[in-house]
Amino acid sequence: MIPGDTPLQERLKLKRDYYAGALMLVLGVGAAIIGSGYKIGTLARMGPGFMPVMLGVTLAFMGLLIAGTALASSEPDEGRFMPDNPQWFGWLCIIGGPVLFIILGQYGGMIPAVFACVFVCALGDKTGTVKTSAVLAAGVTVFGVLLFHYLLNIPFPLLRGFNL
Amino acid sequence: MISTAITDLYYGFGVALEPHNLMYCFLGVLVGNLVGVLPGMGPVATISILLPLTFGMQPVPAILMLSGVYYGAQYGGAICSILLNLPCHPPHAVTCLDGFPLTKQGKGGTALGITIIAAFVGASFGITEMIFLAPFLVKMALEFGPAEVCSLMLVGLLAGSTLAKGSPLKGIAMTVLGLLVGIVGSDIETGQPRFTFGITELFDGVEIIALALGMFGIAEFMNSINNTESVDMKYAKVGISDMFPSKADLKLAFWPMIRGTLLGSLCALIPGTGPTIASFVSYATEKKISKTPERFGHGAIEGVACPEASTHSSVQGDFIPTMSLGIPGDTVMALLLGALIIHGIVPGPQLISQHADIFWGLIASFWIGNILLVILNVPMIGLWVKLLSIPYRYLYPSAMFFVCIGVYAANNDMFQVGETLFIGVIGYILLRLDFHPAPILLGFVLGPRFEENFRRSLLISRGDLTTFIDRPISAFFLLICVVLIVAQVYVWLRKPKIIEEERAIEAQVPATPYSEVAE
Chain A
1 MIPGDTPLQE RLKLKRDYYA GALMLVLGVG AAIIGSGYKI GTLARMGPGF MPVMLGVTLA
61 FMGLLIAGTA LASSEPDEGR FMPDNPQWFG WLCIIGGPVL FIILGQYGGM IPAVFACVFV
121 CALGDKTGTV KTSAVLAAGV TVFGVLLFHY LLNIPFPLLR GFNL
Chain B
1 MISTAITDLY YGFGVALEPH NLMYCFLGVL VGNLVGVLPG MGPVATISIL LPLTFGMQPV
61 PAILMLSGVY YGAQYGGAIC SILLNLPCHP PHAVTCLDGF PLTKQGKGGT ALGITIIAAF
121 VGASFGITEM IFLAPFLVKM ALEFGPAEVC SLMLVGLLAG STLAKGSPLK GIAMTVLGLL
181 VGIVGSDIET GQPRFTFGIT ELFDGVEIIA LALGMFGIAE FMNSINNTES VDMKYAKVGI
241 SDMFPSKADL KLAFWPMIRG TLLGSLCALI PGTGPTIASF VSYATEKKIS KTPERFGHGA
301 IEGVACPEAS THSSVQGDFI PTMSLGIPGD TVMALLLGAL IIHGIVPGPQ LISQHADIFW
361 GLIASFWIGN ILLVILNVPM IGLWVKLLSI PYRYLYPSAM FFVCIGVYAA NNDMFQVGET
421 LFIGVIGYIL LRLDFHPAPI LLGFVLGPRF EENFRRSLLI SRGDLTTFID RPISAFFLLI
481 CVVLIVAQVY VWLRKPKIIE EERAIEAQVP ATPYSEVAE
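As they're listed, the protein sequences go chains A and B. So for the first sequence, the working numbering puts the first residue at 1; every next one is plus one. So for the second sequence, the working numbering puts the first residue at 1; every next one is plus one.
Looking at chain A on its own, in the form it has when it is part of the complex:
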């Protein structure tokens, strides 16, 4: 089954699928180990641990198969884990938005939470400036307050400490 025309060294060169397989293997083994801590029971009377162990083992097996087929295939894999132009700042902004939403929502209220979330996310775009982001954030905040606070009445104080 293994095509003979590519030398093994060539095929052993790190491919993305080795990482993919390894990740599934780790997740599967992890799930099986944690699952075996619950009561497994018998086939007729399954305990809560039966399914997790069964699925964990299956996932680990799939991980091995994914890595194995990558090894057996002679086709070069062009895909890389990291994109060609990593957007660290953009990613940070997208993650930062919800984090600020959580913190400001918990301690500040809906208005600062929404504004900060949209503002920070918008900064992540390479053409986004402080001004355009602020304008967008202000617009979305007004719209969001009208829709979610006044129209849909979700329980989320506009500004904690103030009775708006």
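Some clues are possibly wrong.
Claimed, not checked - Straight line, CA to CA, 16 Å or less: simulated EDC-like cross-link-like pairs of lysine to aspartate or glutamate: (1) Lys39/A with Asp187/B; (2) Lys15/A with Asp434/B; (3) Lys288/B with Glu502/B; (4) Lys39/A with Glu189/B; (5) Lys104/B with Asp242/B.
These are calculated hints, taken from the structure and not from any lab test. Please read all numbers here as calculations on a predicted model, not as lab measurements.
Given the structure of chain A, go ahead and fit chain B onto it with the hints provided.
Just chain B now, kept in the frame of chain A:
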């Protein structure tokens, strides 16, 4: 049989035409059409955001609205493909091949007109198929015991993971991962907390909205940020008067439309093959049987009519296994099934008899919704075209706000927002490793019911695994599973010509900056 169907349908129209339900149906298709036009937003994310807002509603208008988003988005998605050559919705990716050349020749309006006709024909057939087939499937499914349900779910899961895009092995891995995520929370029978890592918020399990919005929202935005090209609006000028196709065009499009419709409705019945596959298969078929295959790719009207008809007929047919058997065929259906469960409706064969208002109301609303969509799209085409030019840098921050507040509103709990963010980051890592997120949702929704039925069937058989083979219907489903696996191994080893041809067509479709906004 026909007379009962007509009586039921009459009842359904009564439900769907209640002003309240009609309003939500309209709202659903309007929002759907809108997100269909906007590049980078998909029906999965939209339905997830709207889902918490339906918690206070009756189940009927809620389901009508959420379904409307799905088929409404299909109308909008075609506009994007034809006018901008931007396949932001996978089911319409293949429409780019002939739709955009037509636009360049100044016949974009004709292409859109044909699309709307094809959509309506396809959808009508899909709905009719549902009217007659669903009750028939239910009659069969009522005989099912836990063993049959279990094997049937296995077919659904396996088909969903191997027939979708990408490597089948990775698809299966994602399904299993989804099943594992579905296990998080307290065990139904013993109350034992599983995979909760001591976090109290996880005792009720992972929130379906958090999973869907993490995988199809946040991960998607991380993937496409600063990665989208500016849209070329040069050709995107269409007025109402351009949209009426000439007699010659209609004649050319007629038979491809019918063939596309039939193929699409067939694809809808095979679990795992949703509208995307239907559109590719029908395009390939049409090119093959055409007397002038060289016209394809250079603006053949058949190349627009056929895949569009099959997409829409498949979209409506997709509801059949979901509503009659409780087995969703793809991500959107998994989400709708989750919505039914949240509204306290047990999916499965008993749904039609116990919740006739939902089932027949939904079918009637499909027709009303499709007529509304035709009305929305013909006179308002100028507005939709304008919306195409909204840049992504305004879209995704606003969408992030909807994601955050949508997840918060589900339980009024900030923990869920963090959960969504965590899932989003994991989702992006999986995306970069070339895993497609769609099967995760499928596994997640079916997981708890799969475990319950698996346990019950082995309890009945006293731990005897042969119960799955001894019962003929169950054995038949397992046989399908084996066929699915053997077929995949065969494709991997032999690389048959049909698959290669389809890959070739797939390779012609312009690359999309958006990965998997809608399956």
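Structure-based check of each hint:
1. Between the alpha carbons of Lys39/A and Asp187/B the distance comes to roughly 11 Å, so the proposed pair stays at or under 16 Å and holds.
2. With a C-alpha separation of about 12 Å, the suggested pair Lys15/A and Asp434/B falls inside the 16 Å cut-off, and the hint holds.
3. Between the alpha carbons of Lys288/B and Glu502/B the distance comes to roughly 11 Å, so the proposed pair stays at or under 16 Å and holds.
4. Restraint check: the Cα-Cα separation between Lys39/A and Glu189/B comes to about 12 Å, which is no more than 16 Å; the hinted pair holds.
5. For a cut-off of 16 Å, the pair hint linking Lys104/B to Asp242/B stands: about 14 Å separates their Cα positions.
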